[in-house]
Amino acid sequence: MKTLSFPPVRLTFGGFLFALAAAAGIFYPWLVPNDPLAADLSLRLMPPNPAYPLGTDQLGRCVFSRILAGTRISLSGAVAASVLSLVLGAAMGVCAALIRGWVRAFFTGLIDMGLALPGLILALVVSGLLGGGFQSLVIGLALANWPWWARLIRGLVSTARQKDYVLAGRTAGLKKTRLLTHYLLPQIQGPVLAAAVLRTGRIILAFSSLTYLGLGPAPPAPEWGRMLQEAGIYMTRAPWLMLAPGLAITLVVGALHLMGQGLDREAP
Amino acid sequence: MTTPRENHPVLSVQNLTIGIPSSRGFASVVEKIHFSLESGSILGIAGESGSGKTLTACAIAGLLPAPLAIGRGRVLFAGRPAFHPGNGSPAFVRGKDVLLLFQSPGSALDPGVRAGIQIQDALTACLGCPRKTARQKAFQAMAQVGLDDSLFGRYPFQLSGGQRQRVLMAMAFALAPRVLIADEPTAGQDAASRDHLLMLLTRLAKENRTAIILISHDLRILSRTVDGMAVFHRGRQVESGPVKQLFTRPAHPHTQELIQAMQFLES
Amino acid sequence: MLKAVLKKAGYTAFVLWGISLGTFALFALAPGDPAEVILQSRHESPDPQQIQALRQELGLNDPWAVRYCSWISAILSGDLGTSWQTGRPVSDTIWERIPATLELAGAAFLVMVLISCTCGGCAAFFRHRIPDHLIQAATIIITAMPAFWLGILLMYSFSLKFSLLPTTGRGTTAHLILPALTLAAGIAMLQASVLRTSLLRIMALDHIRFAAAKGLGRPMIFFRHILPAALVPMVILWGISLGQLAGGAVIVESVFAWPGIGRLTVDAVLARDIPTAQALILVLSFIFVVVSTLVDAVHRKLDPLLGHTL
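Chains as they are written, first to last, in the working numbering: chain A, 1 to 268; chain B, 1001 to 1267; chain C, 2001 to 2310.
Just so you know, these hints were derived from the structure itself, not from any lab.
Wrong hints could be hidden among the right ones.
[What the hints assert, rightly or not] Taking beta-carbon pairs under 8 Å as the criterion, some of the chain C residues facing chain B (in silico): (1) 2092; (2) 2210; (3) 2215.
[Stated by the list, open to error] One side only, chain B facing chain C, incomplete, derived with CB under 7 Å: (4) 1038; (5) 1040; (6) 1063; (7) 1064; (8) 1067; (9) 1095; (10) 1100; (11) 1114; (12) 1122; (13) 1125; (14) 1126; (15) 1129; (16) 1133; (17) 1171.
Remember, predicted model here, so these are calculated numbers, not experimental data.
Ideal placement from N, C-alpha and C gives every residue a C-beta, glycine not left out.
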């Protein structure tokens, strides 16, 4: 157990798990024992058995296959939202950190406004307004997360630009863009990477929360959150249905958390 | 506890070895330290950085940081073993019997607690004084070391280095321990503060009969204040004796080096 | 001092104004025609003339500045709009449902403080021994779990299988236990982790050793020196957690059918009840901006006192 506190172990273990999940998401059509969307009411609510490793749901669909298929939706949605929020937030954060005058005040004000509301509620409302499908979910989550990124990157860039070697670069007359790409960005990429991994985990949780509530890709799409919501209805008759989607989410998010902790070199 | 304490030196360190116990044996860092101390006398421990002075002080006070431990040898307090044989816990009362003043007052004082309260706490804990009495005594102690009453409520970061050192001295006066170990009390201070501190230490020894161990790498300070002296070099005690004897007829080469360095600075 | 307070108040007002603008823009720009939605919700299949008539009536064809101003003036006079679902004033519904959410959030806050202090303290006290490892493993698992899954599992175990606690809805204190626990668990474990780190760092500081040197007993060292220093970052975390609890309440209220405003928001969004959703966003933002300003002020007050160590 003592070795768990050694960063490379966490990183490797988490990375391995995540790679498994990503592989499932990409290659699921070749991996699934049954068609995730094939419904057969005569087979409904079966407990786990050899033909259906995790049993069947209320419409007779193979739970295991649906879990594998759902990996693509969750991972692609979360990664897309993560990247979008990172890019948008980074742009805002860099502007707020580097550009002087009223521009800085403007961007700072925007960031503060964005931080005012808890992200999940904002994502909920935006996704709902945009129609509630997969894309609106991604956009909603991106809009909910960019202020956090903006604040983080603003802080990192502000600290980084005061370092001595950056000042040296500025005195030498380097162009602003070169300063940015060659001096500032390399300094902040470590913490940003660790934060990005951790944040993606949280976005997966938010994504499945919103699909649990009813947003996101419409049924019969095999999204984990929605599968859990459906499983909740059949809690008394088929309790095993509750386990698989929740475990899937926990494993993927846990893998990302481990990776993020492993990347964060400052953790004691 | 019927042993008449006047027959024994209040502190006796016999063949003390400090090191790290491991499966492959005992890796000693400080070896064969041997000296004793009478009430009211001041012993100086001199030596360069890393010679084991602070470790010895921590060992005597029972505050060696893990994984260091006392190996062979023993420490006697008032004629009796200072540490219980089983678990090594002190048989004396910290603060009241043996008080160790750390090297830098900046790290010894809690930045988040007011200076006066830290003195007061020591009194409440060690002497069992009720809070009001402890507070009064704390003010008295502050007056004895020359700190103004108004500084009682100050936080350590609001005090100068010299003032912080005097707060520690106030604790020493308030507690009046049998043995006081002052580790580099004058480091980084101007001459006036230094003199004042040494004067306070001398007073403590005279008035309260406190046995004092004064650790310093500065021989000038030791030469003026202490009765006896021990010279440490690389974890060993290379020479000891009355201070006059050490200065006029130093036996060990390292002692001679230290004296020469002091004289060079003074000339 | 007064100048700083005024400046901060002015900035806060500015942020709130910006939020109102943003909220208005968000809902105004959303796809879909509100008039059409209203008519459809009345189970009528609307023709273009009806839609246009309703649009005129609702003022949807006015220029945006006018619409914004009339909306803002309505808000400021207390009229938060009328729900498209129920036809009742939104302010009434919000007023009715806020106590439930406050109750849940309050209980969750207490549970969170309790769990974070106990787990963080235990983990630090038993550092590197079994309790510490258990707590750290539990932290990884619980923080990776979606809150609604934790809720469902708890509900299944305690309500259905063992019939210890009620399943859903609000009523007695027993009803409060599972939802509060679900809401608090993830956040509390993360805070426990921070407390553990904080305590370990402080316990290694020199002045703690000196406190022992001058004769203080272990309990006194803990309560006078270790605990206050460790609590300062915790208080800040606890302040920030109020926002996290609110976000989580949305989910937990849905899982446990808790009649609070989190659930109200979800229902409003799913039913495309724009006035309710709009008003809720505004009200919630307002509350959070005020709360975070207060948290900031508390942090600033605690900071100069202990700012030197931390």
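Each hint tested on the structure:
1. 2092: For residue 2092 (chain C), the interface hint is violated, since the closest Cβ of chain B sits about 49 Å away, which is over 8 Å.
2. 2210: At 4 Å from the nearest chain B Cβ, residue 2210 (chain C) passes the 8 Å test, so the hint holds.
3. 2215: holds (2 Å)
4. 1038: The hint is violated - residue 1038 (chain B) has no Cβ within 7 Å of chain C, the shortest such distance being about 23 Å.
5. 1040: violated (21 Å)
6. 1063: holds (6 Å)
7. 1064: violated (10 Å)
8. 1067: violated (14 Å)
9. 1095: Holds: closest Cβ of chain C sits about 2 Å from residue 1095 (chain B), inside 7 Å.
10. 1100: Nearest chain C Cβ about 5 Å off; hint holds.
11. 1114: violated (10 Å)
12. 1122: holds (4 Å)
13. 1125: Holds. Min distance 5 Å.
14. 1126: holds (4 Å)
15. 1129: For residue 1129 (chain B), the interface hint is violated, since the closest Cβ of chain C sits about 12 Å away, which is over 7 Å.
16. 1133: Violated. Min distance 16 Å.
17. 1171: With a minimum Cβ separation of about 6 Å from chain C (threshold 7 Å), the hint on residue 1171 (chain B) holds.
Taken one by one, the earlier hints fail for this structure at numbers 1, 4, 5, 7, 8, 11, 15 and 16, listed in ascending order.
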